[in-house]
Structure formats: structure tokens, C-alpha cells
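Visitor: Protein chains in written order, with the working numbering: chain C, 1 to 572; chain S, 1 to 373.
Treat the hints with care, as some may be off.
[Claimed, not checked] Simulated crosslink set (DMTMM-like; lysine to aspartate or glutamate; CA at most 25 Å straight-line):
| hint | chain 1 | residue 1 | chain 2 | residue 2 |
| --- | --- | --- | --- | --- |
| 1 | C | LYS459 | S | ASP61 |
| 2 | C | LYS463 | S | ASP16 |
| 3 | C | LYS387 | C | ASP494 |
| 4 | C | LYS463 | S | GLU228 |
| 5 | C | LYS389 | C | ASP306 |
| 6 | S | LYS137 | C | GLU464 |
| 7 | C | LYS389 | S | ASP173 |
| 8 | S | LYS137 | S | ASP127 |
| 9 | C | LYS459 | C | GLU386 |
| 10 | C | LYS389 | S | ASP65 |
| 11 | C | LYS387 | C | ASP462 |
| 12 | S | LYS137 | C | ASP494 |
| 13 | S | LYS244 | S | ASP201 |
| 14 | C | LYS389 | S | GLU203 |
| 15 | C | LYS387 | S | ASP61 |
| 16 | C | LYS463 | S | ASP61 |
| 17 | C | LYS463 | S | ASP127 |
| 18 | C | LYS389 | C | GLU464 |
| 19 | C | LYS389 | S | ASP201 |
| 20 | S | LYS137 | C | GLU386 |
| 21 | C | LYS389 | S | GLU228 |
| 22 | C | LYS389 | S | ASP127 |
| 23 | C | LYS387 | S | ASP201 |
| 24 | S | LYS117 | S | ASP127 |
| 25 | C | LYS459 | C | GLU191 |
| 26 | S | LYS346 | S | ASP365 |
[What the hints assert, rightly or not] On the chain C side, residues computed to face chain S include the following (Cβ under 10 Å):
| hint | residue |
| --- | --- |
| 27 | LYS200 |
| 28 | ASN478 |
| 29 | GLU530 |
| 30 | SER531 |
| 31 | GLY532 |
If you are wondering where the hints come from, they were derived from the structure by calculation, not from laboratory data. Since this is a predicted model, take the numbers as computed values, not measurements. Where is the CB? At the ideal position from N, CA and C, for every residue including glycine.
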Amino acid sequence: MSVVADRERHVSAAVPGRLLGWSREDFVAGLLVALLCAFLLMSIALPLWALLSKSFLNARGEFVGLANYAAYFANPILVDSLFNSLFIAALSTVIVIPMAFTYAYALTRSCMPAKPFFYALALLPLFAPSLMSALSLVYIFGNQGFLRALLFGNTIYGPIGIVIAQVTYTFPHAVLILVTALGLSDGRLYEVADALGTSKRRVFWTVTLPGAQYGLISASFVVFTLVITDFGIPKVIGGQYNVLATDVYRAVVGQQNFEMGAVVGMILLVPAVLAFLVDRVVNRRQVALLSARAVPYQPSPRTSRDAGFVAYCVIVGFLVAAALGVAVWASFIQYWPYNLTLTTANYNFPRFEPAGWSPYFTSVKMALLASIIGTAVIFTGAYLIEKTKAFPLARGLAHFLAMLPVAVPGLVLGLGYVFFFNAPWNPLNVFYATLTILVVNTITHFFTVSHITALTALKQIDKEFEAVSASLKVPFWNTYRRVTVPICLPAILDIAVYLFINAMTTVSAVIFLYGAHTKLASISIVHMDESGFIAGAAAMATMIVMTAIGVKVLHILLDRFLLGRFQAWRKR
Amino acid sequence: MTTPRKADQAFLRIEDVTKRFGHFTALDRISLQVSPGEFVCFLGPSGCGKTTLLRAIAGLDLQDDGRIVMDGRDVSRAPPAARDFGIVFQSYALFPNLTVAANVGYGLVNRRWPRRKVEARVAELLDLVGLPEQGTKYPVQLSGGQQQRVALARALATSPRLLLLDEPLSALDARVRLRLREQIRALQRRLGVTTIMVTHDQEEALTMADRIVVMNQGVIEQVGSPTEIYARPATAFVADFVGKMSFFEGRLSGPGRLSVAGIELGCLDDRGLATGSSVTVGLRPEEVRVRGVEAGQPNAVAVRVADLEYLGAFCRARLLTREGNVPILADFSANLMRDMEVALGKELLVALPPASLHVFATPIDALSDEEAA
Numbered sequence: 001m002s003v004v005a006d007r008e009r010h011v012s013a014a015v016p017g018r019l020l021g022w023s024r025e026d027f028v029a030g031l032l033v034a035l036l037c038a039f040l041l042m043s044i045a046l047p048l049w050a051l052l053s054k055s056f057l058n059a060r061g062e063f064v065g066l067a068n069y070a071a072y073f074a075n076p077i078l079v080d081s082l083f084n085s086l087f088i089a090a091l092s093t094v095i096v097i098p099m100a101f102t103y104a105y106a107l108t109r110s111c112m113p114a115k116p117f118f119y120a121l122a123l124l125p126l127f128a129p130s131l132m133s134a135l136s137l138v139y140i141f142g143n144q145g146f147l148r149a150l151l152f153g154n155t156i157y158g159p160i161g162i163v164i165a166q167v168t169y170t171f172p173h174a175v176l177i178l179v180t181a182l183g184l185s186d187g188r189l190y191e192v193a194d195a196l197g198t199s200k201r202r203v204f205w206t207v208t209l210p211g212a213q214y215g216l217i218s219a220s221f222v223v224f225t226l227v228i229t230d231f232g233i234p235k236v237i238g239g240q241y242n243v244l245a246t247d248v249y250r251a252v253v254g255q256q257n258f259e260m261g262a263v264v265g266m267i268l269l270v271p272a273v274l275a276f277l278v279d280r281v282v283n284r285r286q287v288a289l290l291s292a293r294a295v296p297y298q299p300s301p302r303t304s305r306d307a308g309f310v311a312y313c314v315i316v317g318f319l320v321a322a323a324l325g326v327a328v329w330a331s332f333i334q335y336w337p338y339n340l341t342l343t344t345a346n347y348n349f350p351r352f353e354p355a356g357w358s359p360y361f362t363s364v365k366m367a368l369l370a371s372i373i374g375t376a377v378i379f380t381g382a383y384l385i386e387k388t389k390a391f392p393l394a395r396g397l398a399h400f401l402a403m404l405p406v407a408v409p410g411l412v413l414g415l416g417y418v419f420f421f422n423a424p425w426n427p428l429n430v431f432y433a434t435l436t437i438l439v440v441n442t443i444t445h446f447f448t449v450s451h452i453t454a455l456t457a458l459k460q461i462d463k464e465f466e467a468v469s470a471s472l473k474v475p476f477w478n479t480y481r482r483v484t485v486p487i488c489l490p491a492i493l494d495i496a497v498y499l500f501i502n503a504m505t506t507v508s509a510v511i512f513l514y515g516a517h518t519k520l521a522s523i524s525i526v527h528m529d530e531s532g533f534i535a536g537a538a539a540m541a542t543m544i545v546m547t548a549i550g551v552k553v554l555h556i557l558l559d560r561f562l563l564g565r566f567q568a569w570r571k572r
Numbered sequence: 001m002t003t004p005r006k007a008d009q010a011f012l013r014i015e016d017v018t019k020r021f022g023h024f025t026a027l028d029r030i031s032l033q034v035s036p037g038e039f040v041c042f043l044g045p046s047g048c049g050k051t052t053l054l055r056a057i058a059g060l061d062l063q064d065d066g067r068i069v070m071d072g073r074d075v076s077r078a079p080p081a082a083r084d085f086g087i088v089f090q091s092y093a094l095f096p097n098l099t100v101a102a103n104v105g106y107g108l109v110n111r112r113w114p115r116r117k118v119e120a121r122v123a124e125l126l127d128l129v130g131l132p133e134q135g136t137k138y139p140v141q142l143s144g145g146q147q148q149r150v151a152l153a154r155a156l157a158t159s160p161r162l163l164l165l166d167e168p169l170s171a172l173d174a175r176v177r178l179r180l181r182e183q184i185r186a187l188q189r190r191l192g193v194t195t196i197m198v199t200h201d202q203e204e205a206l207t208m209a210d211r212i213v214v215m216n217q218g219v220i221e222q223v224g225s226p227t228e229i230y231a232r233p234a235t236a237f238v239a240d241f242v243g244k245m246s247f248f249e250g251r252l253s254g255p256g257r258l259s260v261a262g263i264e265l266g267c268l269d270d271r272g273l274a275t276g277s278s279v280t281v282g283l284r285p286e287e288v289r290v291r292g293v294e295a296g297q298p299n300a301v302a303v304r305v306a307d308l309e310y311l312g313a314f315c316r317a318r319l320l321t322r323e324g325n326v327p328i329l330a331d332f333s334a335n336l337m338r339d340m341e342v343a344l345g346k347e348l349l350v351a352l353p354p355a356s357l358h359v360f361a362t363p364i365d366a367l368s369d370e371e372a373a
């Protein structure tokens with residue numbers, strides 16, 4: 001057999017060279033992990049540290065202990081904002097959770113028709129800046145609103161408006177979590193309950209609700225945090241009603257009072273960190289709840305129940321769509337509500353603000369950069385953390401830092417960036433107000449979710465691929481390129497689209513970081529609204545939504561056709 | 001414990017290899033030598049350290065202590081790529097997005113061979129594993145057994161001098177497993193490649209290996225040919241893990257003399273233990289003799305059939321000695337069952353051949369039935 005003879009020709013070929021006592025592969029892996037750690041230290045750890053230390057320093061940079069905090073709590077107006085924030089967040093949570101639970105229940109536990117349509121309808125607000133629903137509310141219930149009479153003399157500019165807008169904005173987030181929680185159910189439990197002759201009501205209270213309890217807890221915390229840290233909605237529709245988020249903005253942008261901004265930032269960090277910790281605990285329990293032998297629940301048709309759920313979903317879905325749709329519609333109206341002829345005049349942005357259309361293009365450019373660079377950094381980083389063996393401590397540090405951003409609200413992250421990147425001693429301050437810092441900030445802001453998506457995809461791949469490659473003397477970067485990336489292409493696309501959409505819609509972090517030439521579309525909305533050009537604001541918001549939805553549609557088409565045609569190996 | 005071999009003969013030398021995970025010692029000063037062209041099996045229950053040892057040889061998980069010498073070269077700290085081996089995993093680990101041919105040729109590509117040469121080599125290897133003409137398919141289009149043969153071809157493509165197999169058959173159906181077992185063995189003989197296979201399946205080890213390394217709790221219990229391991233187990237663990245054995249308590253009443261619940265028995269090997277010491281006596285069920293046993297004959301014991309378990313080709317009987325009610329397992333062929341009219345409660349006179357009585361110093365309660373877990 002020639003196989004035997006062949007051996008002589010390439011005995012132990014290609015022993016890789018060594019650098020500084022490491023093999024070449026370990027050297028490259030170590031270098032990349034070090035770069036990742038450096039990036040994360042700079043983009044998340046140090047800005048957070050800057051924020052933390054700032055809250056203990058006075059304007060001249062001297063350590064003053066808790067004096068800033070004491071000053072904060074001594075100011076009755078600021079303390080009022082704190083209670084306002086807590087009240088708004090609690091009320092919004094109490095309203096949105098039962099609403100979203102019923103919706104998610106209909107999607108997972110009934111046989112109603114058009115489930116994908118209703119699911120998509122509920123998720124619509126994810127494609128818009130949070131303040132878009134506030135703009136719609138202004139059109140509906142504002143001073144010129146056609147349903148203003150429904151408020152019986154109350155004003156929409158204040159807690160009522162904030163809560164309604166927040167409910168719309170947080171609804172898809174709650175639905176996403178609860179659909180997952182209700183989807184993880186053991187059908188056998190229902191069959192057992194049925195066999196024991198249990199009433200439907202009792203099954204709901206003893207099987208369904210306990211099964212979804214962790215999802216409910218997690219969703220509640222997420223909604224509470226989103227509301228308390230959201231900036232766009234109270235800015236547009238808050239009127240004279242002060243909340244923490246608008247306080248930070250006023251303290252930092254208006255009064256240049258950075259110390260007070262830092263204190264409020266730290267206060268905003270509390271619910272977010274709490275939500276993060278609860279979510280971690282809950283996630284672990286949720287997984288443990290479902291054994292590997294569980295059989296997914298299959299709902300059986302029941303006409304009356306299914307019809308009821310369709311009615312509910314039509315109403316709620318319609319309201320959610322209306323919260324975006326009215327702003328879209330109004331952006332094409334000549335003069336609301338007196339002249340309802342259609343026009344594109346409101347898209348002539350130079351009429352409303354000096355920067356004209358350029359914020360939109362800056363946003364698209366920023367979103368593209370954040371999406372491409374972010375996906376490359378995050379996926380490669382997750383690969384290094386999950387699949388390489390060398391430098392376990394550095395990889396552990398990188399993973400820890402990658403998990404941090406989800407616990408940091410955008411507003412707080414933005415503040416940290418102000419304190420860190422705008423500091424006179426920092427050589428990196430040349431980046432302040434540039435597109436670079438906006439891209440880095442956006443990647444960091446949405447790092448964790450993308451990181452987890454990448455890790456999940458990587459964990460599903462056979463863990464021996466790297467071992468096989470090593471035995472065949474193929475360096476890991478070849479296997480990364482030839483095997484790992486093609487296999488994970490769907491997850492990579494998910495991450496890219498997630499980053500793009502969030503980069504388009506985010507307001508909170510970047511509001512502190514833009515410069516004269518790097519104003520973003522979402523910030524332009526805030527400015528136009530401030531100057532009373534609400535139609536222009538609605539038009540810009542519409543541009544963002546259209547772009548975000550366009551990219552999502554493109555994503556779905558790519559997923560379906562491209563992956564179907566060029567990745568035949570996925571099918572049997 | 002190691003079978004002594006001349007150092008220059010060994011292809012692979014493992015010296016005092018130790019690996020700890022926190023407080024758990026996975027490998028405790030393991031030493032072993034493997035000759036060129038040999039087929040060695042690491043056999044043991046899960047968690048015994050066999051896979052850890054294999055991964056240390058491959059350089060995938062470095063040992064904390066000890067040396068590994070491959071073909072005269074110390075590779076103790078070398079990364080996998082600097083060692084010369086091919087590896088096959090239980091999960092096949094085939095790249096799903098590459099065709100069968102691209103999988104097999106994966107390690108050849110960065111040798112800068114001309115394309116034609118790579119193609120020829122791939123075709124040759126696919127032929128070798130009995131999968132000609134399958135090169136354009138994707139792994140998912142093949143059966144489990146076929147996928148594992150592709151993985152084997154890929155591991156052999158670069159003509160490594162050492163082939164490592166990590167439970168390669170465990171994920172396969174029983175029938176496919178039997179066939180692939182023979183194919184791997186035949187291929188290994190033909191190529192003469194030194195091979196180490198990890199398995200927890202004793203039958204696999206007994207049928208395939210030139211030498212078996214039985215491992216337990218991070219140490220080597222015994223190294224030997226399949227017949228040695230089966231017929232002369234060095235420890236009670238090996239006796240218990242490889243094949244079936246019934247154990248009972250006894251005492252050495254003199255050199256080569258055993259006393260079990262008052263029954264006097266002769267045995268060939270008392271391992272030089274002192275007279276009077278308590279021992280565990282082991283006996284394989286198929287060694288119990290029934291035909292032609294007469295009263296008064298040495299090692300003849302009167303028993304009663306307490307239980308019968310039907311196993312198709314034979315029956316496994318649980319016998320109780322008339323004296324002392326000592327339980328002994330015995331395998332009776334269908335033939336013997338008929339001839340001797342063996343039935344529940346039947347009184348028999350059986351012989352326990354002195355050569356088949358294995359004496360171990362290990363106390364009987366130290367033998368747990370972890371094997372079942």
C-alpha cells in the first residue's frame with residue numbers, strides 16, 4: 001500500500017516556529033486576546049471608573065467623599081425627580097407586564113391564526129427610537145391632537161404621556177422575554193394535569209404561571225430599567241415633569257454640572273445592575289426548570305378562546321402600530337390637523353435645522369461602521385474566549401468585561417465617556433465628538449447581547465474542531481475562516497443587524513458625545529422637537545424606522561435565500 | 001506494572017505523567033511504553049483518566065508533571081501541531097460545511113501540494129476506508145458509520161506515525177460498531193500505524209487491542225494482552241471490570257489452601273499472601289464445572305440452584321453452597337441445562353477448578369458496583 005511508502009516523504013512536517021517561548025498560534029491568540037482586553041478596558045471599564053470617581057470629586061477634582069450625594073438628596077427638586085422616575089417606572093411595569101403576558105400567552109398557548117404577523121406587530125417599536133411613540137402621542141393628544149378631548153382637561157405633556165409612551169416602547173421587550181419563557185414548557189405536565197381531571201383555571205395557576213414566573217420577574221426588571229433610564233420619551237413629552245434621565249441631561253449639557261450628573265448617573269446604575277443580577281439568577285433557574293426530556297407543549301384549538309385572543313391581539317397590536325404609525329402618517333401631512341393633504345415637505349430637513357439631511361447620513365454611516373466593525377470584534381472575541389486554550393486569565397477578564405455593558409444604561413455609559421474621553425489628561429480626547437467615539441460607544445453599548453449570541457452559536461459547534469485542526473497542523477485562524485465563520489453565518493448576520501438597528505435608533509448614550517459634524521439622526525429629532533418642528537422630527541423618525549425595517553427585511557431575505565442556496569450542507 | 005521493553009524499541013514513552021484538576025488527581029504518575037505498530041487500548045470506567053491521558057499525549061491538555069517522549073523526541077510541552085499524530089473523536093468532528101473530500105484533504109492543503117496530488121491522495125484514502133465516490137457529499141448526507149470512516153481517513157491523510165482514537169465507536173449503533181471495529185483493526189494492521197484507542201467497552205478492547213491498559217482512578221491497574229487481562233487479572237478491580245466474576249470472602253488456610261465458609265479449597269496462585277490472612281476469592285461464571293464431578297474430588301462443592309436468569313444462548317445461575325450458603329455465579333449452556341436437568345431448587349455437585357480461583361487481598365466491600373453507573 002502506497003500509504004505506508006508515502007510516509008517517508010513528509011515525516012513531522014511543519015513544526016511551527018516559536019516566539020518568546022510560545023508557539024506561533026498561542027502568540028497570535030494571546031496578542032488578539034490582549035487587544036480585546038485593551039479595547040474593553042478602554043471602552044467600558046475606564047469610563048465606568050471615571051463616572052464612579054467623578055461622583056466623589058468636586059469641580060476642582062478634589063476628593064469630597066459623599067458630599068455630592070448629600071447635596072443631591074438635600075435638593076428637593078432633584079429628589080422629586082427621583083420619586084417621579086420611580087413612580088413612572090413602577091406604573092409602566094405594572095401596566096405592561098400583564099398586557100405583554102396575555103399577548104405572549106396568545107402567541108404560545110393558543111391556536112389563533114396569523115401568529116407570525118402578530119408577533120412582528122408587537123416587535124415593531126424595536127425598530128424606532130423610543131421617542132417616536134411620544135411624537136405620535138403629541139399628534140393624537142397634544143395641543144392640536146384630534147383625541148385631546150379624551151383626556152378630560154388633563155395634559156399629555158407629563159406623567160400620562162410618559163407612561164403611555166413607555167408602555168409602547170417597552171412592550172416588545174417584555175413580549176420577547178415572555179414568549180421565550182412560555183415557550184419553554186413541558187407538555188407532559190399538562191397531560192398529567194389533564195389526566196388527573198384538573199380544571200383549566202387550576203392548571204393555569206399551578207402549571208403555567210409557576211413555569212413562567214422567572215420570565216415574569218426578568219421581564220419586570222428589564223421594563224423597569226428601560227423606563228427609568230430612558231431619555232427620549234420624557235424629553236419629548238415630559239413637559240414640566242422632571243425625571244432622573246432629563247435631570248442628567250440638564251445637569252451635564254445645560255449647566256455643565258458634571259459632579260451632579262455623575263451622582264444621578266450612579267443612581268441610574270442601581271436598578272440596571274439589580275436587573276442584571278436578577279436576570280443572571282433567573283436564567284440559571286429557568287434552564288434548570290426544563291429537563292432534557294421535556295416535550296414542548298402543543299396547544300389544541302378551542303374556538304372561543306382563540307377568537308378572544310385574536311380580538312385582544314388585534315386591539316393591542318393596533319395600538320402599538322398606531323403609536324408608530326401616527327407619527328409616520330403625520331410626517332406626510334401638510335399642516336396637522338387643519339390641512340391633511342399629503343406632502344413630502346417635512347422631509348426637507350434644512351427648513352427645520354441647519355444640519356439638514358446630513359444627520360441621517362451620519363447615522364447610516366455610523367450604524368454601518370458599528371455593525372461591521374462591531375460584528376468582527378465581538379464574534380472574533382467570542383471565538384477567542386470560547387475556543388482557544390492559552391491565557392485563561394486574560395480570556396476570563398475579557399468575558400467579564402464583555403458581560404458588563406448590559407448592566408449599564410446608555411445614558412450612564414454616555415456620561416462615563418464624557419468624563420473619560422473628554423478629560424484633559426487623556427490622550428484619547430482627540431477622539432471626542434468624532435465618528436470614532438460614536439462607533440466605539442455604540443459597539444460597547446450593545447456588546448453583551450451580541451457577545452452572548454456569538455457564544456451561544458459557538459457553543460453549538462463541535463468543541464473538537466480546534467483539536468482536529470491542531471492535529472492536522474492547520475493553525476486556528478484557518479479553521480476560524482474556513483469552518484467556524486461559515487457555520488456561524490446566521491448568528492453573525494443576527495449580530496450585524498442587531499447592531500445596525502440599535503445604532504440607528506439609540507439616543508441616550510450618544511446625546512453627550514456628538515460633535516458639530518457628527519450629529520446623528522436620533523439627536524436631530526430631539527433638536528427639531530426642542531425647536532417646535534415636530535413634523536420634521538416625525539419625518540426624521542420615519543426615516544430611521546424605514547431604514548431599520550428595510551435592513552431587517554433584507555436580513556430575512558438574505559437568511560432565507562442566500563443561506564438556502566449557498567449553504568446546502570445544512571440540509572440533509 | 002509496565003511490561004518491560006527495551007527503551008530503544010518504544011515509539012512512545014510516558015514517564016510519571018500527572019494531571020490534577022483542582023483537588024482531583026486525574027492522572028497519578030502514569031508510566032507506559034508503546035512499541036511501534038502496536039494497537040493499545042486504554043480501558044476503564046468513565047472518569048478513570050483514560051481520555052485525559054490521551055489528550056496529554058496529543059498535547060491538547062498538557063500534563064502538570066512528567067515526560068512524554070515520541071520517537072525519541074521530548075514533546076512534553078510541545079503544542080499539538082508540533083507533535084505527529086492523527087486523532088478521531090467520538091463526535092466525528094467533521095467540518096459540516098466542507099465536502100467529504102475537503103474534510104479528508106483539510107490537513108494536506110497547507111502542505112502546498114499541487115491540487116492533483118491532493119486529489120489523488122484524498123481518493124486513495126477514501127478508497128482505503130471503503131468510501132470511494134463519496135467525496136462530493138457533505139457529512140450530513142452520510143450515516144454515522146460512514147462519517148466516522150471519513151474522520152479516520154482525515155486523521156490518516158497526513159500519514160501520522162501515531163493514531164489516537166477517542167471512543168470512536170461509542171456513538172454508533174451496535175451493528176455498525178461491530179463492523180467498524182473489524183475495519184479499523186484491519187486498516188491498522190495493514191498500515192502498521194501505532195494506535196492508541198480509548199474505550200470503556202471491554203469487549204471492544206479485548207477484540208481489537210494488542211495490549212490493554214486498564215485504568216482506574218488515575219492509575220494503571222494492569223497492562224497486558226487481552227488473554228492476560230482476562231485470564232490473570234492482576235487486581236480485583238480488573239477482574240470485576242473485565243468480564244463477569246463472582247466474589248466471595250475467604251481465608252488462606254495454608255499455602256495454596258483456601259477456606260471459604262468452612263469449605264476447604266485448593267488454589268494455584270495465592271499471591272504469596274501469609275497464611276491466615278483474609279482474602280477475596282474471585283471466580284468467572286463460565287469456569288464452574290458440572291459434568292463428571294464426583295463426591296470427594298478436590299474442590300467439589302455441593303450447591304443448590306437459587307436463581308436462574310435466561311440469557312438466550314446460556315443461563316446464568318446463582319448457586320448457594322449447601323455449607324455456609326455462599327453465593328456463586330455459574331454460566332450453564334442450554335445443552336448442559338437439558339442434559340443435567342438443571343432447574344430452580346435442584347441440588348448439584350460442582351467443581352471450582354484451582355486454576356480458576358483468583359485470590360485478591362482487597363477486602364470484598366471495597367468492590368463497589370460502580371461499573372453499572
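Visitor: Run every hint past the structure and note whether it holds.
Guide: Status of the hints after comparison with the structure:
With a C-alpha separation of about 19 Å, the suggested pairing of LYS459/C with ASP61/S holds against the 25 Å cut-off. Simply put, LYS463/C and ASP16/S have alpha-carbon atoms about 28 Å apart, too far for the 25 Å limit, and the pair is violated. Distance check on the hinted pair: LYS387/C and ASP494/C sit about 20 Å apart at the alpha-carbon level, within 25 Å; holds. Taking the CA atoms of LYS463/C and GLU228/S, the gap is about 37 Å. The hint is violated against a cut of 25 Å.
Proximity of LYS389/C to ASP306/C is assessed by CA-CA distance (about 52 Å); at most 25 Å being required, the pair is judged violated. The straight-line distance between the Cα atoms of LYS137/S and GLU464/C is roughly 22 Å, inside the 25 Å bound, and the hint therefore holds. A C-alpha spacing of about 33 Å is found between LYS389/C and ASP173/S, which places the hinted pair above 25 Å, so the restraint is violated. Only pairs whose Cα atoms come within 25 Å are accepted, and LYS137/S paired with ASP127/S is accepted, the gap being roughly 15 Å.
About 8 Å separates the Cα atoms of LYS459/C and GLU386/C, which keeps this hinted pair within 25 Å; it holds. The straight-line distance between the Cα atoms of LYS389/C and ASP65/S is roughly 19 Å, inside the 25 Å bound, and the hint therefore holds. Taking the CA atoms of LYS387/C and ASP462/C, the gap is near 10 Å; set against the 25 Å cutoff, the hint holds. Between LYS137/S and ASP494/C the alpha-carbon distance is near 28 Å, which puts this suggested pair outside the 25 Å criterion.
Simply put, LYS244/S and ASP201/S have alpha-carbon atoms about 13 Å apart, close enough for the 25 Å limit, and the pair holds. For the hint linking LYS389/C to GLU203/S, the alpha-carbon distance of about 35 Å lies beyond 25 Å, and the restraint is violated. Among the hinted pairs, LYS387/C with ASP61/S is consistent with the structure: their alpha-carbon atoms are about 13 Å apart, no more than 25 Å. Restraint check for LYS463/C and ASP61/S: satisfied, since their Cα atoms lie roughly 14 Å apart, inside the 25 Å limit.
The suggested pairing of LYS463/C with ASP127/S is violated, with an alpha-carbon distance near 28 Å, which exceeds 25 Å. The straight-line distance between the Cα atoms of LYS389/C and GLU464/C is roughly 12 Å, inside the 25 Å bound, and the hint therefore holds. Taken as a hint, the LYS389/C and ASP201/S pair is broken in the structure, with Cα atoms around 30 Å apart against an allowance of 25 Å. The suggested pairing of LYS137/S with GLU386/C is violated, with an alpha-carbon distance near 30 Å, which exceeds 25 Å.
Our distance criterion of 25 Å between C-alpha atoms is broken by LYS389/C and GLU228/S, whose separation comes to about 40 Å. Between LYS389/C and ASP127/S the alpha-carbon distance is near 35 Å, which puts this suggested pair outside the 25 Å criterion. A distance of roughly 30 Å separates the Cα atoms of LYS387/C and ASP201/S; the hinted pair therefore is violated under the 25 Å criterion. Between LYS117/S and ASP127/S the CA atoms are separated by roughly 15 Å; this keeps the pair inside 25 Å, and the hint holds.
A distance of roughly 33 Å separates the Cα atoms of LYS459/C and GLU191/C; the hinted pair therefore is violated under the 25 Å criterion. A hinted pair counts as satisfied when its Cα atoms are at most 25 Å apart, and LYS346/S with ASP365/S does not qualify at roughly 30 Å. Interface restraint check for LYS200/C: the shortest CB-CB distance to chain S comes to about 43 Å, outside 10 Å, so the restraint is violated. The closest approach between the C-beta of ASN478/C and any C-beta of chain S is roughly 7 Å, which is under the 10 Å cut-off, so the hint is satisfied.
For GLU530/C, the interface hint is violated, since its Cβ never comes within 10 Å of a Cβ in chain S; the closest pair sits about 52 Å apart. At a threshold of 10 Å, the smallest CB-CB gap from SER531/C to chain S is about 54 Å, leaving the interface hint violated. Checking GLY532/C against chain S: minimum C-beta separation of about 56 Å lies over 10 Å; hint violated.
Hint compliance for this structure: hints 2, 4, 5, 7, 12, 14, 17, 19, 20, 21, 22, 23, 25, 26, 27, 29, 30 and 31 are broken, all remaining hints hold.
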